[in-house]
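**Student:** Each chain is listed here by its residues.
Number of protein chains: 2
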Amino acid sequence: MKTHLVTGGAGFIGSHLCDKLLADGHAVIAIDDFSLGTYENLIEAIKHEHFKFLEGDVANSSFWHQLAKDCPTNSIDVIWHMAANSDISAGVKDSTVDLHRTFLTTFHTLEAAKALGVKHFALASTSAVYGDLQSVLSEDSAPLNPISNYGAMKLASEAAATAKTSTDLDKLWIFRFPNVVGPRSTHGVIHDFVRKLNSTPRRLEVLGDGTQCKPYLHVIELLDAMMHTVRNSNEKINRFLIGPLGDKGTTVRYIADLVIRLYGTNAEIVYGNGNRGWVGDVPTFTYSTDKIYSLGWKPKLTSNQTIDKAVGEIVAELKSPVVALR
Amino acid sequence: MKTHLVTGGAGFIGSHLCDKLLADGHAVIAIDDFSLGTYENLIEAIKHEHFKFLEGDVANSSFWHQLAKDCPTNSIDVIWHMAANSDISAGVKDSTVDLHRTFLTTFHTLEAAKALGVKHFALASTSAVYGDLQSVLSEDSAPLNPISNYGAMKLASEAAATAKTSTDLDKLWIFRFPNVVGPRSTHGVIHDFVRKLNSTPRRLEVLGDGTQCKPYLHVIELLDAMMHTVRNSNEKINRFLIGPLGDKGTTVRYIADLVIRLYGTNAEIVYGNGNRGWVGDVPTFTYSTDKIYSLGWKPKLTSNQTIDKAVGEIVAELKSPVVALR
Numbered sequence: 001m002k003t004h005l006v007t008g009g010a011g012f013i014g015s016h017l018c019d020k021l022l023a024d025g026h027a028v029i030a031i032d033d034f035s036l037g038t039y040e041n042l043i044e045a046i047k048h049e050h051f052k053f054l055e056g057d058v059a060n061s062s063f064w065h066q067l068a069k070d071c072p073t074n075s076i077d078v079i080w081h082m083a084a085n086s087d088i089s090a091g092v093k094d095s096t097v098d099l100h101r102t103f104l105t106t107f108h109t110l111e112a113a114k115a116l117g118v119k120h121f122a123l124a125s126t127s128a129v130y131g132d133l134q135s136v137l138s139e140d141s142a143p144l145n146p147i148s149n150y151g152a153m154k155l156a157s158e159a160a161a162t163a164k165t166s167t168d169l170d171k172l173w174i175f176r177f178p179n180v181v182g183p184r185s186t187h188g189v190i191h192d193f194v195r196k197l198n199s200t201p202r203r204l205e206v207l208g209d210g211t212q213c214k215p216y217l218h219v220i221e222l223l224d225a226m227m228h229t230v231r232n233s234n235e236k237i238n239r240f241l242i243g244p245l246g247d248k249g250t251t252v253r254y255i256a257d258l259v260i261r262l263y264g265t266n267a268e269i270v271y272g273n274g275n276r277g278w279v280g281d282v283p284t285f286t287y288s289t290d291k292i293y294s295l296g297w298k299p300k301l302t303s304n305q306t307i308d309k310a311v312g313e314i315v316a317e318l319k320s321p322v323v324a325l326r
Numbered sequence: 001m002k003t004h005l006v007t008g009g010a011g012f013i014g015s016h017l018c019d020k021l022l023a024d025g026h027a028v029i030a031i032d033d034f035s036l037g038t039y040e041n042l043i044e045a046i047k048h049e050h051f052k053f054l055e056g057d058v059a060n061s062s063f064w065h066q067l068a069k070d071c072p073t074n075s076i077d078v079i080w081h082m083a084a085n086s087d088i089s090a091g092v093k094d095s096t097v098d099l100h101r102t103f104l105t106t107f108h109t110l111e112a113a114k115a116l117g118v119k120h121f122a123l124a125s126t127s128a129v130y131g132d133l134q135s136v137l138s139e140d141s142a143p144l145n146p147i148s149n150y151g152a153m154k155l156a157s158e159a160a161a162t163a164k165t166s167t168d169l170d171k172l173w174i175f176r177f178p179n180v181v182g183p184r185s186t187h188g189v190i191h192d193f194v195r196k197l198n199s200t201p202r203r204l205e206v207l208g209d210g211t212q213c214k215p216y217l218h219v220i221e222l223l224d225a226m227m228h229t230v231r232n233s234n235e236k237i238n239r240f241l242i243g244p245l246g247d248k249g250t251t252v253r254y255i256a257d258l259v260i261r262l263y264g265t266n267a268e269i270v271y272g273n274g275n276r277g278w279v280g281d282v283p284t285f286t287y288s289t290d291k292i293y294s295l296g297w298k299p300k301l302t303s304n305q306t307i308d309k310a311v312g313e314i315v316a317e318l319k320s321p322v323v324a325l326r
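Protein sequence lines, in the order shown, are assigned to chains A and B.
With our numbering applied, the first sequence corresponds to residues 1 to 326, in that order.
With our numbering applied, the second sequence corresponds to residues 1 to 326, in that order.
Worth flagging that the hints you see were computed from the coordinates, not collected in a lab.
Fair warning: this is a prediction, and the values are worked out from it, not measured in the lab.
Just so you know, even glycine gets a beta-carbon here, dropped at the ideal spot from N, CA and C.
A portion of the hints provided could be inaccurate.
As the list claims (entries may be wrong) - Far from chain B by the CB rule (all over 12 Å, computed), these chain A residues:
#, residue
1, K47
2, H120
3, S141
4, N149
5, T167
6, E205
7, V230
8, N234
9, R239
10, Y254
11, Y271
Said to hold, decoys possible - Here are the simulated lysine-lysine pairs, PhoX-like style, with alpha carbons at most 25 Å apart:
#, chain 1, residue 1, chain 2, residue 2
12, A, K93, B, K298
13, B, K93, B, K171
14, A, K164, B, K93
15, A, K93, B, K114
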C-alpha cells in the first residue's frame, strides 16, 4: 500500500482515479476546491477507511503550508496533479482562468512536492499543447503552438514540471490526454448536447458543421493506461500520449446523431458553419499511441465504441427527468 | 516612424534595443522596474526626443491599467517583451523568481497588448527551452524538457503568446536566443570571471571542468537579426533561433584564458569537476540557424570571435580600478 495525493480529487478524472487507487489497495488523500468537482463524485470513496478528503485551493501556497504542518515529510509516495480548468472555451474568454486553475495549481503543487519530500509526480496534460499541428501527433511532435490558453497553461505546466526533475523529482509522468469521456464529466461535446436537449428537446444546435473529428477515450481506459505507465516506465521524464484503439477519431455528426437517439427524441440538428466550433478549438487531430503500445498497454475500445458507451452513460446521468416525462 | 514599447527597456538587451530603434527613426516607450536594468544603460536613449521611460513592474496588472488610461488605444505598433530574470541559477534556487519575472511579466504584457490594441508582439525566448536535448537544435526540435525554471518559464511564455494569436495578436515573433554577450550584460560566464578576478586577482575558480561548450552571440548581432526578422517574416507565428556564424561553440576554457589575458593578470585557473557548472546548466548545445539564414540574415562573427570582442568590452566595463592599481 502506498499513499497517493490526488489534486482535483473530486473532479471528473480525479474522482475516478481515487476510486481506482482505493480499489487497488492504496491510501488516498484527495484535494479539491469544488470549483468543478462535486461531493457526489466521492460518494464511494468516502466510505473507504484509507481515504481522506481536504477542501482547498492547490494554487494557494498557504493551503500547502498548512498541509505540510499536518503531514509528516516523506509520508506521500506519489502526487497526481489532476486539478485544472477543463472548460477550454471559458479560458479563451478570460486568460486568468487557466492561469490560476491550470498553471498556478501546477506551480504550487510542484512546490508542495518539494516541501513534502514527494519524489514521484504525475501530471495530466493534453493534446491541446500541439495547437493546430497538422500531422499525426506523437510525444516528440513540434512545434508546440497551443491556440487556447488551456493548451498554453498545460504546456507551461509540463515545462515547470520537467525543470523540477533536475532538483526535486526523481520521476515525472506527463500524460497527454485526448478527449476523455465517461460518467462525472463536466464539459465536452456529449455533455453540451445532452444539456441542450434538456432545454430544447426538439432542436439541437451544433457549433460548427459537425465534421470536427477527434479521438475520444473512456475515462476507465485512461486510468488503466496511467496505472500501467506508472508501473512500467523507468525514465526520469516519462511523457505518453494516451488514445483509443485504432487511428480513427469520431465526428461531431456521429455524436449528435447518437445523443439524439439515446436521448429518445427526434430533435432537428442545426449545424453551424466551418469546422471550428469556437475560438481555440482544434477541429481535427490524430494521435500516435505507438509509445504506450510499446510499453505493453493497449486500449480495448475504438473512438466510436468509446462514444457509444459514454453517450449512454452521460444521457443516463444528465437527462432531465422533467424532459423525460414530456 | 512607428511606436515601439520595450519591456525590460533598461536591461542588457532591452536598452540596446531602445538605442537601435531610436537610431532607426522610431519612437520608443521603455519600461523597467530596475530589478536588473540600470539608469546608466539608458544614458544615450534619454537624450532622444522620441524616447519615453516609465518605471514599473510589468507583472503587475495595475501598472498596465494606469498605462492604458494614459495611452490612446492603437497608439503602439509593436511590443518587444524583453523583461525577464536572466540569472538562471537564482531561478533554480527559488522558482518564484522566474515565475514572477519571466512568466508573469509575459502573461500580463500579453494581456496589456490586448487592452492597448497592439497586434504585433516580439518575445525574447531562449535555447534553455530545450533542456538537455542532445541533437543539433532547430525551431522544431522536441521534446522540450527544460531543466531550469528559467527555461521552463520561457517555454511557458512562448505558450501563452502563441495562444494569443488565435484571439488578439496578428503577428508574433519568438526569438530563441543562445548566450548573448556584450556591454551592459548583467550575468554570464565572462561577467562572473571578471567579477571573480576583481576580488581575487591571482586565482580564478571555474564552475565545472571548463569543457562546457556553447554558442555565443554578440548583442549587436542579435538586434540586427531581430530587426531583419521582424521586417521580413510573414507568418502569424514566427519562431527563430538566432546564433553566431558556423556551428562551433566556445569552451569555458577558451573564455577563462582570454579573460585572464585581457584582464592583465597571471591568475591560476582552478577547475571544478564534471561538465555541468551548476544545477540547471546545459553543458553543451549546438544551434541550427538554417531558418534565419534562409530569411536572408547571416551573422558576421563566429562564437569565438564574439567572445574575443565581448571579453574586451566587459573587462573594460567591469574591471575594478582598485585592482588595476595593484
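**Student:** Each of the hints needs a verdict: does it hold here or not?
**Tutor:** The hints, checked one at a time:
no.	hint	in the structure
1	K47	holds (38 Å)
2	H120	holds (17 Å)
3	S141	violated (6 Å)
4	N149	violated (5 Å)
5	T167	violated (6 Å)
6	E205	holds (23 Å)
7	V230	holds (18 Å)
8	N234	holds (16 Å)
9	R239	violated (6 Å)
10	Y254	holds (26 Å)
11	Y271	holds (22 Å)
12	A/K93 with B/K298	violated (41 Å)
13	B/K93 with B/K171	violated (35 Å)
14	A/K164 with B/K93	holds (11 Å)
15	A/K93 with B/K114	holds (12 Å)
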